[in-house]
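Start from the sequences, fold in the hints, and give me the full structure.
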Amino acid sequence: MRALRFLLRKEFLQIFRDPALVRMLFMIPVVQLLVLSNAATFEVKRARMYVVDQDASTMSRSVVDRLAASGRFARAASSGSVPLGDEALMRREVELIVVIPAGFERAIVREHRAEVQLQLNAEDGAAAAVTQAYAREILVRYATDLSAQLTPALSLAGARVERPPMRGHPAVQVRTRGWYNAELDYRHYMVPGILVQLLTIVGTLLTAMNIVREKEAGTLDQLNVTPVTKSVFIAAKLIPLWVISMVVLSIGLVVAKVAFGVPMRGSLFLVFGGAALYLVAALGIGLWVSAVTETQQQAMFVNFSFLMVYLLMSGLFTPISAMPEWAQWVARFNPMMHYISLMRAVMLKGAGFVDVARQLAVLASAGVVVLTIAVRQYHKRSA
Amino acid sequence: MTLAIEVKDLTRRFGDFTAVDAISVDVQVGEVFGFLGANGAGKTTAIKVLIGLLAPTSGSARVAGFDVVTQSEEVRKRIGYMSQRFSLYDDLTPRENITLYGGIYGLSDLDIRARGTAMLSELGLMQVADKLVSTLPLGWKQKLSFSVAMLHRPAVVFLDEPTGGVDPVTRRQFWEMIYAAAARGTTVFVTTHYMDEAEYCDRLSIMVDGRIAAIGTPAALKAEFGVSSIDEVFVRLARPTTAGAG
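Taken in sequence, the protein lines are chains A and B.
Residue numbering for the first sequence follows the numbering used here, beginning at 1 and increasing consecutively.
Residue numbering for the second sequence follows the numbering used here, beginning at 384 and increasing consecutively.
One or more of the hints may lead you astray.
[Stated by the list, open to error] With a straight-line cut-off of 30 Å between C-alpha atoms, the simulated DSSO-like cross-links for lysine-lysine are:
| hint | chain 1 | residue 1 | chain 2 | residue 2 |
| --- | --- | --- | --- | --- |
| 1 | A | Lys215 | B | Lys524 |
| 2 | A | Lys215 | B | Lys514 |
| 3 | B | Lys391 | A | Lys380 |
| 4 | B | Lys460 | A | Lys380 |
| 5 | B | Lys460 | A | Lys215 |
| 6 | B | Lys391 | A | Lys230 |
| 7 | A | Lys230 | B | Lys524 |
| 8 | A | Lys380 | B | Lys524 |
| 9 | B | Lys391 | B | Lys460 |
| 10 | B | Lys460 | A | Lys230 |
No wet-lab data here; the hints were simulated from the structure.
Next comes the structure, spelled out in structure tokens:
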């Protein structure tokens, strides 16, 4: 244990003696958080719509006005002809066609139900899904308002989505808007995830380079002829970057709050407790990579491959539930996925300890497994 | 008398290449043993097996009374090592390097400070004790490596070409330190390419192509080959060899 104290001092001295490294550690995650959080959004700012109003009634006009008034849709063109609209959609002049069939107003008054048809270009499935969700929401609200005026209750059949004009997905999945993000601010949802990813990228990169750099410099041989134990050695490599990552996380959370207004509805202690466990697993993987590779180049390459899986299977950019069965299985082993879900649950929903106990347990076991592998695969004597 | 180093039929192969070929060497406690050989003869590989950085392919070796394979941690507590290539931290100061290794070897804070200061002044490194090692000339770095290897007063110290690229005055100082260490009872296992240095050793061996071609005191070896210097013995034995691990 005494050896650990001296090794830790050495690691901290080396890190803080490298000004470029310190800048990288503290500035890159913060700057990227600011930039990427603004860029990474599923929000569709303004979809151009082609209006085919075959009813030309007060109510049909008010439906279109409602859509336009939301700011999410802009009326780009209109005519009475669906084929003309199809052509505009095909030429990508509009993102969707809104068809209000003749007899719309009459149907509402007489039958208390009517249909509005939406045709979306679903080449970009995610954007189409979001556009559809917006439209549905606006229409449902309109129906609610109408039913308040007209008694008895009225239901406005939701949007029906047609095949895209080009070949594409036969169906569009509806993304339901969450309760816990009532302001519809995607950044609240994205910022915590991006923060975790940035922490992980910087942290694993530095741990992955760390041991292998000493191998290249020859300094590792000198350490390996001493009686220092493997676990003390790995601990000395892990702890400094773990501490620094926790500090970067704190800075990131302040940025998330100040710059993006991301709420902290749950306990900050849970967010940090989860991070403490998660970082052991994430940085441990970097150390393992560093222990089994021989050059910094190899370490960089292996680590990069790991990161790609990490990032893409974390559920940040694509929902896990949308992945095929086997990919969901792989994702279940991704500690990042569990930590991001914990963080979102705690920050956005105010989830408590019991709600995230499962994630905490997964993260803790991932940490134990990864560290055990890293210590076992690190050899003082080469075969 | 117990042996400090006991090597029996030690072999180390890398694939098809046999770097160390069934060597057997005994080194007495307190001896200064010269381990000579041309580049690629297998000296560094043999040392790496003895200090526990490389596993042997076959054969056995005991250092300071412990088996290097089965009791490597016991061996590590009792040895010092100075590698051919500078292997302390360039981004730390001499004092920080000494403190680090002192701490790793379990020295008390008091010991670290006292021994560190004694060593630094003995080596004439006091004025650079708090400068980064990267700013020091090679000879000074070598002296620092040597003192770090000796810091915990090991039973056996392995010096792999300690005087490579060092000026004659510093080389002299090195040998004075080596003798001083031996006088305190530390066994010194040293490799060198300088044949005048070889004459300073109590006994020496000459390695050729992974085998030990000759072993004995400098005087006995010169008599055996009927020549007047170790240099001539070496040239007779160590004909140009094919390249390989050094």
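Status of each hint after checking the structure:
1. A:Lys215 with B:Lys524: Holds: lysine 215 (chain A) and lysine 524 (chain B) sit about 19 Å apart, inside 30 Å.
2. A:Lys215 with B:Lys514: holds (24 Å)
3. B:Lys391 with A:Lys380: Given pair lysine 391 (chain B), lysine 380 (chain A) holds - Cα atoms ~23 Å apart, limit 30 Å.
4. B:Lys460 with A:Lys380: Holds, because 14 Å separates the two Cα atoms, which is no more than 30 Å.
5. B:Lys460 with A:Lys215: Status holds; Cα separation ~21 Å.
6. B:Lys391 with A:Lys230: Holds, at roughly 29 Å.
7. A:Lys230 with B:Lys524: Measuring from Cα to Cα gives roughly 27 Å; hence the hint holds.
8. A:Lys380 with B:Lys524: holds (24 Å)
9. B:Lys391 with B:Lys460: holds (22 Å)
10. B:Lys460 with A:Lys230: Holds. Lysine 460 (chain B) to lysine 230 (chain A) sits at ~15 Å (cutoff 30 Å).
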